[in-house]
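Trainee: We have chain R; now place chain G onto it with these hints.
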Amino acid sequence: MSSKSVPRNKIPWYPAIDEEKCIGCRECFEFCKNEVFEWDDENNCPKVVNPLNCVVGCSACKNLCSQDAISFPKIQDIKEIIRELRERKDGEFTK
Amino acid sequence: MNKKPRFIMCICTGQCPGFKSLDLWELINTVRQEMDVEYAIVHPQLCVDDGDRFIKDYIRNDGKYIIGACAPVMQRKMMKDAFTEAGGDFEKQVVPLDLRNLTTEQALAKVREALEIIK
Chain R
1 MSSKSVPRNK IPWYPAIDEE KCIGCRECFE FCKNEVFEWD DENNCPKVVN
51 PLNCVVGCSA CKNLCSQDAI SFPKIQDIKE IIRELRERKD GEFTK
Chain G
1001 MNKKPRFIMC ICTGQCPGFK SLDLWELINT VRQEMDVEYA IVHPQLCVDD
1051 GDRFIKDYIR NDGKYIIGAC APVMQRKMMK DAFTEAGGDF EKQVVPLDLR
1101 NLTTEQALAK VREALEIIK
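Protein chains in written order, with my numbering: chain R, 1 to 95; chain G, 1001 to 1119.
Excised from the complex, chain R in its bound form:
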């Protein structure tokens, strides 16, 4: 999804981990090369440490998770946010 004209920190797209469901298989951690996650050895589950490294529109980690322990915002909502931010003329982020 094209969002280059909108600052990444304005787009709430990153994974959320349900530690209850996570079985510590590390698939998500090993798949993501963008260092969104760090492995939390104590709780044996991934921790989102660089949320803005996550590629807007990519939910590969969620797709790989066999336990449905990873969630993302609805893509339609994100598209709406990006559209609104792009249309906003005064552009809070252009100051």
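Keep in mind that the hints are not guaranteed to be accurate.
[Said to hold, decoys possible] Below, a list of computed lysine-lysine pairs in the DSS-like style, where the Cα atoms sit at most 25 Å apart:
{"id": "1", "chain 1": "G", "residue 1": "Lys1064", "chain 2": "G", "residue 2": "Lys1003"}
{"id": "2", "chain 1": "G", "residue 1": "Lys1077", "chain 2": "R", "residue 2": "Lys21"}
{"id": "3", "chain 1": "R", "residue 1": "Lys47", "chain 2": "R", "residue 2": "Lys10"}
{"id": "4", "chain 1": "R", "residue 1": "Lys21", "chain 2": "R", "residue 2": "Lys10"}
{"id": "5", "chain 1": "R", "residue 1": "Lys33", "chain 2": "G", "residue 2": "Lys1004"}
{"id": "6", "chain 1": "R", "residue 1": "Lys62", "chain 2": "G", "residue 2": "Lys1064"}
{"id": "7", "chain 1": "R", "residue 1": "Lys33", "chain 2": "G", "residue 2": "Lys1020"}
{"id": "8", "chain 1": "R", "residue 1": "Lys62", "chain 2": "G", "residue 2": "Lys1056"}
{"id": "9", "chain 1": "R", "residue 1": "Lys10", "chain 2": "G", "residue 2": "Lys1092"}
{"id": "10", "chain 1": "G", "residue 1": "Lys1056", "chain 2": "G", "residue 2": "Lys1004"}
{"id": "11", "chain 1": "G", "residue 1": "Lys1080", "chain 2": "R", "residue 2": "Lys74"}
Hints were generated in silico from the structure; no laboratory data involved.
Mentor: Structure of chain G alone, referenced to chain R:
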């Protein structure tokens, strides 16, 4: 019927840092001009709904495909059903390549290797 494989480069929206050391156009033009492929194309994101629609529309059940993208486990998970629905078989027809965090030369070497495998 042309038995040459087709090369698809999936570039994950073009914003994934995993591909930042790869010159996409150098890769795709070298593959299509210098390698024994039917042709080489780029798709922005095969693993989401429009990628699904593309595969179902595009896949021939007798074609061979080399797909440069992210991890093969992910490619398999995300595309297997679409291949089946299109009358194909991901396992038999595709050589999936993880081309993230590679230079263009390293990626080209992987494509060459895949061409040997897929023959």
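Trainee: Determine for every hint whether it applies to the structure shown.
Mentor: We went through each hint and held it up to the structure:
no., hint, verdict
1, G:Lys1064 to G:Lys1003, "holds (8 Å)"
2, G:Lys1077 to R:Lys21, "holds (20 Å)"
3, R:Lys47 to R:Lys10, "holds (21 Å)"
4, R:Lys21 to R:Lys10, "violated (29 Å)"
5, R:Lys33 to G:Lys1004, "violated (32 Å)"
6, R:Lys62 to G:Lys1064, "violated (28 Å)"
7, R:Lys33 to G:Lys1020, "holds (11 Å)"
8, R:Lys62 to G:Lys1056, "holds (22 Å)"
9, R:Lys10 to G:Lys1092, "violated (43 Å)"
10, G:Lys1056 to G:Lys1004, "holds (20 Å)"
11, G:Lys1080 to R:Lys74, "holds (24 Å)"
In summary, the numbered hints that this structure violates are 4, 5, 6 and 9.
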